[in-house]
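Numbering (our numbering), first residue to last: 6 to 110.
If you're looking for bench data, these hints aren't it; they were derived computationally from the structure. Treat the hints with caution; some may be incorrect.
As the list claims (entries may be wrong) - Derived pair list, reagent style SDA-like, types lysine to any residue, alpha-carbon separation capped at 20 Å:
hint	residue 1	residue 2
1	K94	F39
2	K94	A17
3	K81	I107
4	K44	Y96
5	K81	A27
6	K81	G22
7	K81	T109
8	K81	D36
9	K44	A106
10	K81	F39
Note that the structure is a prediction, hence the values are computed from the model and not measured.
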Amino acid sequence: MEAALQIRSTRAELLAGNVANADTPGYMARDIDFDQALKNAIDGGTNAPELSPGPSPLENLRYDENDTDSSQELAKAYQNSLGYIATLKLYGDSLERLKTAISTG
6 MEAALQIRST RAELLAGNVA NADTPGYMAR DIDFDQALKN AIDGGTNAPE
56 LSPGPSPLEN LRYDENDTDS SQELAKAYQN SLGYIATLKL YGDSLERLKT
106 AISTG
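Make a model of the complete structure from these sequences and hints.
Here's what the structure looks like:
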């Protein structure tokens, strides 16, 4: 679960950067494929996977060579935050079960 939280946190930073640079000429939006990054973390057995964000597809490239769409980035950020909250809930629930198991002996 730690890897999922780390990936979601890093993705949130990237998406916030995309929104902040939506009007910066030449800026290319960056993102992480959460599912692939989590799979890599699980396969690699590490809680802190190396994340290498790359540019998004060029389909949204504008005249100023910026490919960022603020509304799409905000939607991705919202979806990512929901995933982060869900992961925290699962983590909290598992800690609660562990606490119950320890206290009941």
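Okay, the hints, checked on the actual structure:
1. K94 / F39: holds (18 Å)
2. K94 / A17: The hint holds at about 18 Å.
3. K81 / I107: violated (39 Å)
4. K44 / Y96: holds (18 Å)
5. K81 / A27: Roughly 14 Å between the alpha carbons, so the hint for K81 and A27 holds.
6. K81 / G22: At roughly 12 Å apart (the allowed maximum being 20 Å), G22 and K81 satisfy the hint.
7. K81 / T109: violated (42 Å)
8. K81 / D36: holds (9 Å)
9. K44 / A106: violated (30 Å)
10. K81 / F39: holds (11 Å)
The structure fails to meet hints 3, 7, 9 from the earlier list, while all remaining hints are met.
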